[in-house]
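Number of protein chains: 2
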Amino acid sequence: MRISLVLICIGWLVIVKAYGQQEKEVRLTSYVNPFIGTGPVDGNSLSGNNYPGATVPFGMVQLSPDTKDIPDWNAASGYDYNDPTIAGFSHTHLSGTGVAEFFDLLVMPMTGERHTQAGDVNDSSTGYRSKFSHDKEQAKPGYYKVQLLDYDITAELTATTRAGFHRYTFPEQTHEGYILLDLNHTLNKGAWGTKIIQSQIRVLNDHTIEGFRVLTGWAKMRKVYFRAEFSKPIVRNLIIDGEYEYENERVVNGNNLRAIFDFDVTDGQPVLMKIGLSPVSTANAQENLSSEIADWNFDGIVAAADALWEKELRKIVVEGSEKKKTVFYTSLYHAFLQPNLMSDANGDYVATDYVTRNNKEAPFYSTFSLWDTYRAAHPLYTIVQQRRSTDFVNSLLSQYDAYGYLPIWQLWGQENYCMIGNHAIPVIVDAIFKGLPGIDIERAYEAVKNSSVTTHLNSPFKLWDQYQYMPEDLQTQSVSITLEMAYDDWCVAQLAKKLGKTSDYEYFTKRSLYYKNIYDTKSAFFRGKNSDGKWLEPFDPLEYGANGGNPFTEGNAWQYFWYVPHDIEGLIELTGGKSNFSQKLDTFFTLETAADATNHNASGFIGQYAHGNEPSHHVSYLYNYVGQPWKTQHYVSEIVNRLYTDNHAGYPGNEDCGQMSSWYVFSALGFYPVNPADGVYAIGSPFFSEATIQLENGNRFRIKTKKKSEEDIYIQSAKLNGKPLNVPFLKHENIIKGGELEFILGKSPNKKWGTSPITRSLY
Amino acid sequence: MRISLVLICIGWLVIVKAYGQQEKEVRLTSYVNPFIGTGPVDGNSLSGNNYPGATVPFGMVQLSPDTKDIPDWNAASGYDYNDPTIAGFSHTHLSGTGVAEFFDLLVMPMTGERHTQAGDVNDSSTGYRSKFSHDKEQAKPGYYKVQLLDYDITAELTATTRAGFHRYTFPEQTHEGYILLDLNHTLNKGAWGTKIIQSQIRVLNDHTIEGFRVLTGWAKMRKVYFRAEFSKPIVRNLIIDGEYEYENERVVNGNNLRAIFDFDVTDGQPVLMKIGLSPVSTANAQENLSSEIADWNFDGIVAAADALWEKELRKIVVEGSEKKKTVFYTSLYHAFLQPNLMSDANGDYVATDYVTRNNKEAPFYSTFSLWDTYRAAHPLYTIVQQRRSTDFVNSLLSQYDAYGYLPIWQLWGQENYCMIGNHAIPVIVDAIFKGLPGIDIERAYEAVKNSSVTTHLNSPFKLWDQYQYMPEDLQTQSVSITLEMAYDDWCVAQLAKKLGKTSDYEYFTKRSLYYKNIYDTKSAFFRGKNSDGKWLEPFDPLEYGANGGNPFTEGNAWQYFWYVPHDIEGLIELTGGKSNFSQKLDTFFTLETAADATNHNASGFIGQYAHGNEPSHHVSYLYNYVGQPWKTQHYVSEIVNRLYTDNHAGYPGNEDCGQMSSWYVFSALGFYPVNPADGVYAIGSPFFSEATIQLENGNRFRIKTKKKSEEDIYIQSAKLNGKPLNVPFLKHENIIKGGELEFILGKSPNKKWGTSPITRSLY
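Protein sequence lines, in the order shown, are assigned to chains A and B. Following UniProt numbering, the numbering of the first sequence begins with 1 at its first residue and continues without gaps. Following UniProt numbering, the numbering of the second sequence begins with 1 at its first residue and continues without gaps.
The shape of chain A in the complex, shown without the other chains (with noise of 0.2 Å):
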């Protein structure tokens, strides 16, 4: 104990000493709560599907607890809070997604029995699993704990970028302790043909262990390598490939394969194990390890993945209640989660036609869940995390480059078009017109374009070049991809005018307004149509779509109506002018729907907004676009006081690598990118009294709140610069300039602020 609490002192030190705070001052870290979104407060709701593990920004490696033995949807991140018992300690993790994917290498500490089977959720004596309890555990970024109370073994977890370091204090009087490893431990074999191709393990010395597992599932082909050390003597091994077992071998191949690690443990102190991943060999991972973790100092790295948490929380500093800086600064950890590193330290990477490639100047990011994160966290990457936006946009274009078009969702390097659209094609447009350095602009036009001209699943061009709009026999969640297609063809226009490409500019701003061709005036929605030109028949603006089958994708025509983000105007036009679409507004959050009428992806409703899901996620700030901003702000604060939470639900719904949270925390800042490419923010209610933006360029842009209390949720007024700001809209230009954004609040509307008709002078 008293060598660890030097340590500490030693990891505080040196974080006093990078940044020359003064210690009394609060780290940002602390209002981390890595509980929040890890599960729901009771079993007919959902939370984030987030995990409560350690892991550095944007890392490779997540080293978090799974309490789940073969996870599925349900907790997508392997844990979930209402769970009794933890299966073991695995290195990669998904944060909020729906599909659950990754698990890799799973370690568990144990004593007594050498289990070798998880056993069951609910019943710790049946295998390798523990009871817990989470008065006995504890996370911060980059740290957690928790005590496995079968085996009274205090477990403890720390990352680097690519290397995972646990501590196993194993109780006293313990002469023998065992450490598993798992290889075998996947998401549900029943999905995505998820299935182990080849693994191996291999011991090296007393010490060190190698190896490596190769796999399909979510992801087609994962190759999974690593090199792991002990800081005891390994005194007996045993591994075991499904029936087979062996024990005290070097090397074992198989496809089913766990070992046991047996330690002397009787002088009391703690095993340690520090383990690097790569994606691409044993060697790589062994280097990535050794540039990451050269010694024994657990503490030391817990004190040095805070120190990387810190830098980048304290890129956003805000003033405010305990409450909302916890939802705030966990939000930010969310939203820093992914994209996530896949090159190792020497630059090696395995694109998306599984060649391993090597780029030394720019590390290789994955984990793109466009569909969700282009909405608002690109965006928000784009204002604090510019220098890795770049990084994002170019593996984006890598993917283009080995395999034809840009990324729906890339998973590991790897695409699985999960969901719909073209979503990459927002992001690279908006770092462009934002002006990140280091993008090739015409490559980037290259594969945006022929992302949008080359027919790949769910993106059909040429009945959309015949049909000019998507016919849902021919093409299913038709009305969905109508909508976000013609969003995304937008996107491109504005990317061609910007080259000089005319004719492309014309054609793809003629595509971004077909739109307009599956709206119907009799029902005043967006509907399905068929190639005949006729309207699906039924139609119920209540019935919801999953992922096909249905015109909507995750939602239903009240959800789909609003997502026209680059033509609001023609929207308002089609709907019948502004008073039409206010009141189409109100209706929106205040119809309530039939409680069957719900799949779990919609969920966190005011009316039939749910917030659970992305299509709903720029709609309160759709006010602002018909002179009634203070229904945006209104509604943006009840979504922000009564949808996030500071308890382990946190989300009412997936978390999306990072979407959900992204619009907490430009909510708090008190803007939103309803178009998340066109540079413009629509102002909501902002609740911080005082936030700072730190750039990287150095400038700083600093957002005032004056409020009397909580309830003072309606801008009264507003001021730029000291100029007065009568619009309900900021360009990023001006957060990149820095400056200052200063609010009044009240507790009642000020129906004169912010009622500007909008203008294309602002785009």
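Some hints here could point you the wrong way.
[What the hints assert, rightly or not] Cβ-Cβ distance ranges computed for the label pairs, FRET-style:
id	chain 1	residue 1	chain 2	residue 2	range
1	A	346	B	346	50 to 58 Å
2	A	721	B	346	55 to 63 Å
3	B	82	A	450	44 to 52 Å
4	B	72	A	523	51 to 59 Å
5	A	205	B	346	33 to 41 Å
6	A	72	B	474	33 to 41 Å
7	B	190	A	122	34 to 42 Å
8	B	290	A	346	26 to 34 Å
9	A	533	B	243	42 to 50 Å
10	B	569	A	346	51 to 59 Å
11	A	733	B	290	45 to 53 Å
Source of the hints: derived by calculation from the structure; they are not laboratory data. This one's a predicted model, so the numbers in the text were calculated from it and none came from an experiment. Just so it is clear, CB atoms sit at the ideal spot from N, CA and C, and this is done for glycine as well.
Use these hints to put chain B onto chain A, whose structure you have.
Using the frame of chain A, we list chain B on its own:
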């Protein structure tokens, strides 16, 4: 036609110039009949499972017709001579295996209707298949030609090391010719979990396509990249991914891809397609293609392939009957088809741990069907493929590095554990004892030893140490494994001795005698024994085992009785002396089996002797060890004359990647490696009047045989370098030094020749 003739002439001139031969000299390639072994002569018999297509010696590409759409063990090469239709031409094949695998990138030309499914083997009207006739089919080394009767298309194929070259001549008066590329063509998807994980077809321009497929099958995970060019512009392309159709797209990704490319063939010119393969990347495939097929000279590539074969075949020049020369040179051809090169022109290859590595110094080979080929194929390579033998050994050692033990059956660089034993060991030990340069002997010893102590599938060395035999209840196929493991152990012991590792030598020598522990004196057979030391009951020496669930592997107690190649004196002693032993041999060659007591891998019977499978292969030579070499001469002659044919059946069982052929090559020369790693060959009954081995060191070894008729099969006398040779054995070093071995044969046995007792001094 004129151009084609000119090109043939140019090709011929190139060859004539390269070899300085007179035009009158008959090319040895003309004796090769690639149809040998391609199909049984009647439905109940077996053939070699060879393919008739185009390939170069030890090449990566085997471009050959597949009559099977989903091949299985029945025609594991994809082609059955008895089938009436061809489904297309794919680029990779195994020669003579019992398991089907590869079949990458099936290409099929067609006219008329664009079929997208292969259709039924007996009904070419249902898909893209075409009827064909052996009358209008031709094959020679590096060239295959067939008339596709349904389309009246002349299809011609040739190959370089890593590229295939197609020439399709469409019928006159035809305007549109189609070429189909099927990336979903594999072995039977019901077997080995075979499925396409991901694939891509990309149309780079109107002459060029590229792509890849990643799949799992008998080889756990293969990546096959390609780059192809057409001699004519593609006027239209249709790419099908299962239910989806893509017309004139630039790229399609999917897991069920077929493409049809349309060409204007109005001008009567053929459509040529050249295609480079790579296991690493499309960039490498492109480099492989451009470095091997620079232009469109199809006939030049045919001539070059022929020249490569002529060079290899000319390593043994024989004089004899046309029929025997046909069988001999086809056997030599089959022996030189594999191991297959698996590294790219730039040295890249995928190692056994799925990591892309590079070796610019030496090629990397795979396709090691070692349980078969260690017996005679690899010993043959140590005589006539010495440089490649070093590469083979170093390729085997590469698996040790990546996998922890040496190959059992290595396919596409990966282990598939087919069969039993660790017979890379004799291959490596033999190469070292034969003094092949370029092998790091200490490294090789480490690999050989660790492969003999690291328990893995079917090699439970801890049981071996504990029981000193394989207990059937703990390790099935126990008798076969005990015998074969004892032999491998003897090999390890010899290398240990050479390196002065005395304790290792003693340990492995002790293990090499464990075979005695399963000898049942009562039945006078090796028998299955359980861990309790009791023999398995009931015991029937005629009962066959397959590949598990029985002490015997693809054989019975009779066939496995003889498998002590390293201690034949010990076996003789065990049997009760030479007389008992020779009587037992007599019974073996005469005892008929009940018809229902065979399995498909035992075939080609002479009594219990089953030449159709490997365990019998050395047995006819065992009479030499008991002073009755004339019986060896008798049975070897019977096998040669009865079980090898020059028709399409060819072999009495799977040709097994060169083993069945190598047996013939050795036996034709007059000797055979009974112990494949002791550098001694047992003399049989040479049948060519003259055979000259051209060695890589420049020496020549000539075998002259005087006989009056084909019935003269018995050795009357022999001379080695002019001195009488009275033992029926020949040392490897005598061959390598060069020299002359003369035999005089007669119609009746000379029971005085070769009867000297064998002595250790020979070894």
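Against the structure, the hints come out as follows:
1. For residue 346 of chain A paired with residue 346 of chain B, a C-beta distance near 19 Å fails the hint of 50 to 58 Å.
2. Distance hint for residue 721 of chain A and residue 346 of chain B: a CB-CB separation of about 59 Å, consistent with the stated range 55 to 63 Å.
3. Checked against the hint of 44 to 52 Å, the C-beta distance between residue 82 of chain B and residue 450 of chain A comes to roughly 48 Å, which is consistent with it.
4. Remark: the range hint 51 to 59 Å for residue 72 of chain B to residue 523 of chain A is upheld by a beta-carbon distance near 57 Å.
5. Distance hint check for residue 205 of chain A and residue 346 of chain B: the Cβ-Cβ separation is about 35 Å, which falls inside the suggested range of 33 to 41 Å.
6. About 38 Å separates the C-beta atoms of residue 72 of chain A and residue 474 of chain B, a value consistent with the hinted range of 33 to 41 Å.
7. Range check, residue 190 of chain B to residue 122 of chain A: Cβ separation about 38 Å, and the 34 to 42 Å hint holds.
8. Restraint check, residue 290 of chain B to residue 346 of chain A: a C-beta distance of roughly 29 Å satisfies the suggested window 26 to 34 Å.
9. Distance hint check: the CB atoms of residue 533 of chain A and residue 243 of chain B are about 24 Å apart, inconsistent with the given range 42 to 50 Å.
10. The supplied range of 51 to 59 Å is met by residue 569 of chain B and residue 346 of chain A, whose beta-carbon atoms lie about 57 Å from each other.
11. Here the CB-CB span from residue 733 of chain A to residue 290 of chain B is close to 49 Å, well matched to the stated 45 to 53 Å.
Checked against the numbered hints listed earlier, the structure breaks hints 1 and 9; every other hint is satisfied.
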